Amino acid sequence: MIEMHSVVAGYGGGDVLQGLDLSVRPGTITCIVGPNGAGKSTVLRAISGQIHPREGEIRLAGSAIHGHSPAAVISAGIVQVPQHNGLFADLTVRDNMLLGGYLIRRDKARLRRRIAELEEVFPIVRERADEKAANLSGGQRRIVEFARALVLEPRMVLLDEPTLGLDPKASALVFDSTRMMRDLGTTVLMVEQNVRFGLRLASHGVVMERGRVLLADSSEALLARPDMAAMFFGSSAPPADPAEPEPGTGTGPGTDPQREDAHL
Amino acid sequence: MRPTAHAPLRRRPRLALCLGVPLLLAAAGCGASSTSHAGSGSGTITIGMSLPLSGAVADNSKSGYQGYQLWADQLNAHGGLLGRKVKLVVLDDGFTQSTAISDYNKLIGQQHVDLLLGTFSSFLNLPVAEVAERNKYVYIEPSGGADSIFARNFNYLFFAQPATTQNLPDQFVAQIAALPAAQRPRTAAFVTQDDPNTSEATKLFKDQLAKLGVKSVYDSTYAPDTSNFDAIANAIKQAAPDLVVQGALAEDGVSLIRSFQKVGFTPKTLFQTNSPSDTSYPDAVGTRNTEGVLTALAYSPDAPTPGNGAFVSAYKAKYSTVPSDDAANSYTAGQVLAAAVTAVGRLDQSAIADWLHKNTVSTIVGPLSWDAAGKPKGSLLLAQWQNGKLQIVAPAAEATSKQIEWAKPGWSQ
Amino acid sequence: MTLLLQTLIFGCLIGGVYALMSSGFTLIFGVMDVINLAQGCLLITGAYLSWWMWQRTGLDPLLLGVLSSAALYGIGWLLYKGVVARVQRVDPGLTLVATFAVAVAGEGVIALVFGTSDRSATPSYFNTSFHLGSLSVPKAQLYACIGALVVLGGLYALLRGTFLGRAIRACASSRGGAELVGIDVERAMAQMFALGAATTGFGGAALSVLYQFLPDSQDIWIGRVLCVVVLGGLGSLPGALAGAVVLGLGEALTSTYWDVRWTTAVPYMLILAILLLRPQGLFGITLRREGARA
Numbered sequence: 143m144i145e146m147h148s149v150v151a152g153y154g155g156g157d158v159l160q161g162l163d164l165s166v167r168p169g170t171i172t173c174i175v176g177p178n179g180a181g182k183s184t185v186l187r188a189i190s191g192q193i194h195p196r197e198g199e200i201r202l203a204g205s206a207i208h209g210h211s212p213a214a215v216i217s218a219g220i221v222q223v224p225q226h227n228g229l230f231a232d233l234t235v236r237d238n239m240l241l242g243g244y245l246i247r248r249d250k251a252r253l254r255r256r257i258a259e260l261e262e263v264f265p266i267v268r269e270r271a272d273e274k275a276a277n278l279s280g281g282q283r284r285i286v287e288f289a290r291a292l293v294l295e296p297r298m299v300l301l302d303e304p305t306l307g308l309d310p311k312a313s314a315l316v317f318d319s320t321r322m323m324r325d326l327g328t329t330v331l332m333v334e335q336n337v338r339f340g341l342r343l344a345s346h347g348v349v350m351e352r353g354r355v356l357l358a359d360s361s362e363a364l365l366a367r368p369d370m371a372a373m374f375f376g377s378s379a380p381p382a383d384p385a386e387p388e389p390g391t392g393t394g395p396g397t398d399p400q401r402e403d404a405h406l
Numbered sequence: 024m025r026p027t028a029h030a031p032l033r034r035r036p037r038l039a040l041c042l043g044v045p046l047l048l049a050a051a052g053c054g055a056s057s058t059s060h061a062g063s064g065s066g067t068i069t070i071g072m073s074l075p076l077s078g079a080v081a082d083n084s085k086s087g088y089q090g091y092q093l094w095a096d097q098l099n100a101h102g103g104l105l106g107r108k109v110k111l112v113v114l115d116d117g118f119t120q121s122t123a124i125s126d127y128n129k130l131i132g133q134q135h136v137d138l139l140l141g142t143f144s145s146f147l148n149l150p151v152a153e154v155a156e157r158n159k160y161v162y163i164e165p166s167g168g169a170d171s172i173f174a175r176n177f178n179y180l181f182f183a184q185p186a187t188t189q190n191l192p193d194q195f196v197a198q199i200a201a202l203p204a205a206q207r208p209r210t211a212a213f214v215t216q217d218d219p220n221t222s223e224a225t226k227l228f229k230d231q232l233a234k235l236g237v238k239s240v241y242d243s244t245y246a247p248d249t250s251n252f253d254a255i256a257n258a259i260k261q262a263a264p265d266l267v268v269q270g271a272l273a274e275d276g277v278s279l280i281r282s283f284q285k286v287g288f289t290p291k292t293l294f295q296t297n298s299p300s301d302t303s304y305p306d307a308v309g310t311r312n313t314e315g316v317l318t319a320l321a322y323s324p325d326a327p328t329p330g331n332g333a334f335v336s337a338y339k340a341k342y343s344t345v346p347s348d349d350a351a352n353s354y355t356a357g358q359v360l361a362a363a364v365t366a367v368g369r370l371d372q373s374a375i376a377d378w379l380h381k382n383t384v385s386t387i388v389g390p391l392s393w394d395a396a397g398k399p400k401g402s403l404l405l406a407q408w409q410n411g412k413l414q415i416v417a418p419a420a421e422a423t424s425k426q427i428e429w430a431k432p433g434w435s436q
Numbered sequence: 063m064t065l066l067l068q069t070l071i072f073g074c075l076i077g078g079v080y081a082l083m084s085s086g087f088t089l090i091f092g093v094m095d096v097i098n099l100a101q102g103c104l105l106i107t108g109a110y111l112s113w114w115m116w117q118r119t120g121l122d123p124l125l126l127g128v129l130s131s132a133a134l135y136g137i138g139w140l141l142y143k144g145v146v147a148r149v150q151r152v153d154p155g156l157t158l159v160a161t162f163a164v165a166v167a168g169e170g171v172i173a174l175v176f177g178t179s180d181r182s183a184t185p186s187y188f189n190t191s192f193h194l195g196s197l198s199v200p201k202a203q204l205y206a207c208i209g210a211l212v213v214l215g216g217l218y219a220l221l222r223g224t225f226l227g228r229a230i231r232a233c234a235s236s237r238g239g240a241e242l243v244g245i246d247v248e249r250a251m252a253q254m255f256a257l258g259a260a261t262t263g264f265g266g267a268a269l270s271v272l273y274q275f276l277p278d279s280q281d282i283w284i285g286r287v288l289c290v291v292v293l294g295g296l297g298s299l300p301g302a303l304a305g306a307v308v309l310g311l312g313e314a315l316t317s318t319y320w321d322v323r324w325t326t327a328v329p330y331m332l333i334l335a336i337l338l339l340r341p342q343g344l345f346g347i348t349l350r351r352e353g354a355r356a
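The listed protein sequences derive, respectively, from chains A, B and C.
Every number in our numbering is 142 more than the matching position in the first sequence, counting from 1.
Every number in our numbering is 23 more than the matching position in the second sequence, counting from 1.
Every number in our numbering is 62 more than the matching position in the third sequence, counting from 1.
Same shape as in the complex, but just chain A:
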């Protein structure tokens, strides 16, 4: 679905991506992992149009989207959920949802229908509709961000470290919600610091280092590789740990009865 060829991109100072090739298949969850500074978030920003590559191409289903404005990329069907400040803190949940549909704001019927549909899938959106986004816990905010990202029925969603700052329970919600998005037909490309979490969630993985792709394979294959273990889990830790808490306790993404400690 997404093809990136030899992309060179960066911010003012220097190039972060040094000739990157990446491929994302439709209907999958692909997770990019790698050490800090590898350029993982930069990949997402290059796709979403926040930065424009100096060299190279980015194509969505064959059409070039590199160099386009963020609004154009959204219109093409790619929505990004950023690491920070995805939601507008001082606006209500409802206002946030409405803004998710900014580009279809004139089609009021469609917008209303979409939000109603998403309220079914993510009940928190209806339940906390009139509250300021800042009053929600970190995990709840992420859910609203996901719901908002889906208002425009995008073909693809970019998630930038969705579990950042979340405790295991909230992370579990994120896990389930991400699978839910994929089940609804959206391709997911995500960046995750927590390698084990990310590769268990995703169907495909990409390992980056210093602005380039080192490895790209199915997540199973990656998890099974011994050098992965050495890079990320420490040489003594086994690739799969049965003691790890299983994600997906069956409650599905929904209201968090206790307000987690605020991650402002």
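If you are wondering where the hints come from, they were derived from the structure by calculation, not from laboratory data.
Honestly, I wouldn't trust all of these hints.
What follows is a list of derived Cβ distance ranges for each label pair [as the list claims (entries may be wrong)]:
1. C:220 with A:277: 35 to 43 angstroms
2. C:327 with B:333: 46 to 54 angstroms
3. C:218 with A:269: 23 to 31 angstroms
4. C:218 with A:252: 25 to 33 angstroms
5. A:165 with C:218: 44 to 52 angstroms
6. C:152 with A:356: 38 to 46 angstroms
7. A:277 with C:152: 35 to 43 angstroms
Residues from chain B that keep clear of chain C, each with C-beta distances beyond 12 angstroms, as calculated [said to hold, decoys possible]:
8. 101
9. 175
10. 204
11. 226
12. 229
13. 283
14. 428
15. 432
Taking lysine-lysine pairs in the DSS-like style, the calculated list, with each CA pair at most 30 angstroms apart, reads [unchecked claim]:
16. C:201 with B:431
17. B:234 with B:425
18. B:291 with C:201
19. B:291 with B:339
20. B:412 with B:339
21. B:339 with B:234
This structure is a prediction, so every number in the text was calculated from the model and none was measured.
Here a beta-carbon is modelled for each residue, glycine too, at the ideal position from N, C-alpha and C.
Dock chains B and C against the given chain A, drawing on the hints supplied.
Same frame as chain A, but now just chains B and C:
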């Protein structure tokens, strides 16, 4: 008063010209002393001034400037001063003291003007007079009448109006005194802008009227940038005085009346300084509402003083409007300067000053003479709006109307 | 007692007018973090435009304020694109200096075009009042006050209930986030600024009826606007209304009960007081986050 006629240069025989010019130059050169400053001999005589052409009093200063211009034009049309054309060098101080001071310093120190003429309002003339005095330039000013200006006994300072602020209340107070005690106002409100011109005068009113048994029930001073008079008008209304005396400077007189209209209060007698003599006053308050308003004037276009009629016609012809107080005052200042310079025969500042101290000048506001501090020894006119016209009601010798109305009609639309 | 009631009436009415004058500044500062020192100049421009149209057509100046608002929207747009946006890219701190320069230059232009004489618009109600017993309610102030509430209410509704308002608040909350939902941030900012400028159209119209004005009247007005905005809590529209009423009452009470001479100093005394006692203003939030107010 026209300066004594000089035969224009072109009528003199050429020979005399060839001989005369170098002689004049030599004579002027020999006669030059430290007090005559620049400009000896031939060429235009430059007369420097700084005026508040922009800023809060721009309206008033415009007509004053026109008075100066008319005077200079007439002077040049009749042969100029000492046979030379005069040129006005004008700077704009925006009604700021510091700018006025530096303007006059510039005119004297850098541009070396031959003569000076004064600026407008006591506010500006107060500091500028000091500059002129320090540089020993004759300073005839048409518009600063506050007593503080004359308290310094400057030798070179002369006021081109018949009297100063010190005498502003005289005619009005005399009229009150002439009334039987039962008919005098019992209470009065005093309200003035914070300006040396108006606040001094208002205090004099209060003190002198107190001696006649008029009790003060309201007394306040407002900042020059006050724009909303509703609260003041209301407070005056609550005090319910018979008489209101306002030390107004320009549009504040109009603003106070508008606020009186809003709160629905009409004083039985209303005296305002300055504003009622503005040409824009009847339009601003409504002609019917001017009825009965009293003010003090240095000048009236209808006064039968020598040369006044001709001045008014010439001003009307040139500017399509009747000359205001300020226009006449500046014209007078010009007349005084020209008379003195002509009589002395040369641009010698201290000789000019001496002559003025010893002589009387006939002007469009009557004969002017000064004491040692530059204060004129005359009296102002008391005027009242009657039937849409500003009439002189005192002193009797110059009155155009014999009656004073003591009861002001209520405001109308 | 009548004196007190009358003073309170004056204070509240003029407070409403001050709120109207300050609404544009509140918006621009609250949402865009731009301190627009040219706001006073825009107000006076609005006053001159309304006055000029009233002179030519005889139509009610307050209604003509609507037309002035349209013109000032355009001027605001140009000001944003031409000056503010550029300076903000270089160094946001310079915006203060840049807008101040615009104010000074603007004053000169106004003086050139309209002259330096005192002006005021005098429709039939400019010096009349409604009378309730012995109390007077000046008509012009009342109409301007009503207009103020309408404009403020309209602005509030726009910010809360329309997509433009939401987009603008989103930009204030997080520019990056706004981009990611497809908002054209630069355009939204320009619209916000232009809207803030447009309010001075009606505010200027009110000014033209209530006061005599000159090109340099902007000095006293920017002082009052700053006072209102600081008092109310920077960026809060309800706060601006509250701050304005406090200022209006402060001026009226000072004039009547203390000393008239201090009346024009009241805005500055209130600024000092509020900065010492409660710097965030009456309605402001204590923490400055990368965040929206308004």
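Going back to the hint list, which numbers does this structure go against?
-> Going through the list in order, the structure violates hints 1, 13, 19, 21 and respects the others.
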